[in-house]
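Number of protein chains: 2
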Amino acid sequence: MKKNVLIIGAGGVAQVVAHKCAQHNDRFGAIHIASRTASKCEAIVASVREKDAMKVKDGVIAAHGLDALDISATVALIRKLDAAIVINVGSAFVNMSVLSACIETGAAYIDTAIHEDPLKICETPPWYGNYEWKRREAVAKAGITAILGAGFDPGVVNAYARLVEDEYLDEISSIDIVDVNAGSHGKWFATNFDPEINFREFTGVVYSWQNGAWQTNKMFEIPREWDLPVVGKRPTYMTGHDEIHSLSARYSTADVRFWMGFGERYVQVFTVLKNLGLLSEQPVTTAEGQQVVPLKVVKACLPNPAELAPEYEGKTCIGDLVKGKKDGKDREVFVYNVADHKDAYNEVGSQGISYTAGVPPVAAALLIADGTWDVKTMVNVEELTPKPFLNLLGQMGLPTQVQVNGEEVAVDFAG
Amino acid sequence: MKKNVLIIGAGGVAQVVAHKCAQHNDRFGAIHIASRTASKCEAIVASVREKDAMKVKDGVIAAHGLDALDISATVALIRKLDAAIVINVGSAFVNMSVLSACIETGAAYIDTAIHEDPLKICETPPWYGNYEWKRREAVAKAGITAILGAGFDPGVVNAYARLVEDEYLDEISSIDIVDVNAGSHGKWFATNFDPEINFREFTGVVYSWQNGAWQTNKMFEIPREWDLPVVGKRPTYMTGHDEIHSLSARYSTADVRFWMGFGERYVQVFTVLKNLGLLSEQPVTTAEGQQVVPLKVVKACLPNPAELAPEYEGKTCIGDLVKGKKDGKDREVFVYNVADHKDAYNEVGSQGISYTAGVPPVAAALLIADGTWDVKTMVNVEELTPKPFLNLLGQMGLPTQVQVNGEEVAVDFAG
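Just so you know, the sequences run in chain order A and B.
Letter by letter, the first sequence follows residues 616 to 1030 of the numbering used here.
Letter by letter, the second sequence follows residues 616 to 1030 of the numbering used here.
Treat the hints with care, as some may be off.
The list treats identical chains as one, so a pair stands whether inside a single copy or across any two.
Here are the simulated lysine to aspartate or glutamate pairs, DMTMM-like style, with alpha carbons at most 20 Å apart [claimed, not checked]:
no. : residue 1 : residue 2
1   : K911      : E896
2   : K655      : E903
3   : K944      : D989
4   : K617      : E947
5   : K848      : E719
6   : K941      : D781
7   : K735      : E903
8   : K695      : E657
9   : K889      : E879
10  : K938      : E786
11  : K695      : D682
12  : K749      : D842
13  : K940      : D732
14  : K695      : D989
Hints were generated in silico from the structure; no laboratory data involved.
Model the full assembly from the supplied sequences, consistent with the hints where possible.
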């Protein structure tokens, strides 16, 4: 009996997830897409049909309306659809309610970003300890597989770190994750994914794990220029990011940092909005007495990231620079992927950022479906064997490349 | 029987108006302050008491709650208080409803800024033609005095133009009004008066009157550096402003332009907010379905201009550079005022921008009270004899200075 998949969410990432599930529906059962706005799910279904993406042409793909904050509604939908795998790429605010529904129904759970409370920004590290890991026991008891943070970053970059641990280094002293989008969307300003989640990433303290402890910095305080394959020299800043909060547990003696590429325009916009209080998640009261969360208004004014795709050009480079020792000698390993916005659009109708985030959870779902990753417990991606995942990603459009001490090396992930 | 005054509004300008009315309450009857939030009016009354500002110590000063958009409530309050002069320094959205109440009750009307429809920005020029001048006949029929735009700019700068017409030039070829605030409030960013009204001034087309016709430009398109008395060299940009829309009628063969000083920070903030759509007066819908006007949220996030006063330092310079001919020879006349933020705060508890806007309508009210300006019709300030007004302003804290061809000249306004 092939497993039915329920995709939660209807943004740019959900679009990629739906297309990729469709392209591999010979290994899944029915594919369902649910979000608050059913019409957005219907548009995704229409886009899958338009691209003729279903591998098994008479397979099921269907749209549903669902408030994923409503656990009993989610439970009911999972049961009604007999969904065995839930790929949650909805807002980060719904993660824990969707996970609860999976625990209750026995469905496997996959997400791509940390759970967030709408009224809290940048909670105490490690972030996974605040919500996800508290449910580890409940997940184990229910005997379900819950894979946390299985997008690109977090997700693939966690697998990259594990690959280096397994294959390239005896001892790891630092993991620097770098995420550079060298593409251009042609807008004056836009975020590449949900503006609310995007800005929330950067309005709090910048947490990094260094010298065996959590360190704090301010946003845009620590710049670093990278010289990356294909995209070249790019400015980045040290920022907080989900994967630091799990990798720091497994690699507690290593420094774990995250570097995000930002153009001047982003820094300009962020600086103004942040300083004016417009990125606040806390409600303000207008002169007319209306209670409003400024960040939600900023989101409403900005371009919908899903609509950037048609004009998006250029490439992304995301990878892990891991330093340590091999056979007693210093060695550095850079594991990375380069993706192309136009290629992504031509294939699935989304831009490259959505593509890199949306393909990995489908790979994870395929590995749950075939049993490889069906571990019946809660895990972060670095806890899973990375090669089958990276092998599958290579086949699905996100090839992994590896440089050892600056030299490109060939890797056989199937081996 | 001395005339009772009703002040509408409770912001920084209303604070100045209340203090100045109090300082001259030997020439008024009772002083009343009304706004939507009665507690704000009470705070102003408390501040007047604290400064011991009442000239006639046992005179009446009282606070009231009023929704000034509600004409019948305003009519009722004017009647109850037996107010003969209404000084409207509330939001620009209430002007026409307050004027209607004055027409109905026979009270004199004074405002300091053009009427605005919350849902429209930068309407067809001349702006006074859209709302105010349409009621000229009704005002004349009711036999009331309605003085439009009697703040500093518009207001005093209109009187400056008229002074030049009366005293210094036979023929006027251009009127350039310049408004530079060289003060500093110590905040990362703040507007000097209601942010909503402030930004609305600059989000539309920049209208100027040149070559006998309305010309349009974009905001921050036309820069001009001025070298001004006291404040020195300052960058300004050509902007739209109320007074152009009345001065262009009286001085139709002259060019009429307005130049506002802006620091880099203002340009930075404005550019980001404008480009993101956050200065829009049109509602947007959040992902949660809430209807919100972005500009009102920006306003709610910014510092309250009334609270800038204690830290404000430095000076303002506002004036008219008027060019033309006298006795057949080219001549240029610069009529201006320099005000000081700290002096304003020490005297009335408001900063200099509020002070320059709030003193003139009280001078106008005094001139209505003594009959000099009680013209029983609707007028813009340039239609009134300027010397008594400028003389009174000199006594009240806003002295006028005049330069002819760059040389300071002595002026006797009492003459």
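Going through the hints against the structure:
Both within a single protomer and between protomers do K911 and E896 lie at most 20 Å apart by alpha-carbon distance, with minima of 8 Å and 17 Å respectively. For a Cα distance limit of 20 Å, the shortest separation of K655 from E903 across copies, 15 Å, qualifies, whereas the shortest one inside one copy, 33 Å, does not. Taking the closest pair of Cα atoms, K944 and D989 never come within 20 Å of each other, the shortest separation being 37 Å inside a single copy and 94 Å across copies. Taking the closest pair of Cα atoms, K617 and E947 never come within 20 Å of each other, the shortest separation being 42 Å inside a single copy and 88 Å across copies.
Taking the shortest Cα distances, K848 and E719 never come within 20 Å of each other, neither inside one copy (49 Å) nor across copies (71 Å). In the homo-oligomer, the alpha carbons of K941 and D781 lie at most 20 Å apart inside one protomer (11 Å), although the nearest pairing across protomers, at 91 Å, exceeds that limit. Within a single copy, K735 and E903 get their C-alpha atoms only as close as 26 Å, which misses the 20 Å cut-off; across copies the closest is 18 Å, which meets it. Taking the closest pair of Cα atoms, K695 and E657 come within 20 Å of each other only inside a single copy of the chain (19 Å); across copies the shortest separation is 62 Å, beyond that limit.
In this homomeric assembly, K889 and E879 come within 20 Å of each other (Cα to Cα) both inside a single copy, at 15 Å, and across copies, at 17 Å. For the homomeric pair K938 and E786, the shortest alpha-carbon distance inside one copy (8 Å) is at most 20 Å, but the shortest distance between copies (80 Å) is not. For the homomeric pair K695 and D682, the shortest alpha-carbon distance inside one copy (15 Å) is at most 20 Å, but the shortest distance between copies (54 Å) is not. Taking identical chains as interchangeable, the C-alpha atoms of K749 and D842 are never at most 20 Å apart, the minima being 39 Å within one chain and 66 Å between chains.
In this homomeric assembly, K940 and D732 never come within 20 Å of each other (Cα to Cα): the closest approach is 40 Å inside a single copy and 70 Å across copies. Proximity of K695 and D989 under a CA criterion of 20 Å is satisfied in neither setting, with 22 Å inside one chain copy and 79 Å between copies.
The earlier numbered hints that this structure contradicts are 3, 4, 5, 12, 13 and 14.
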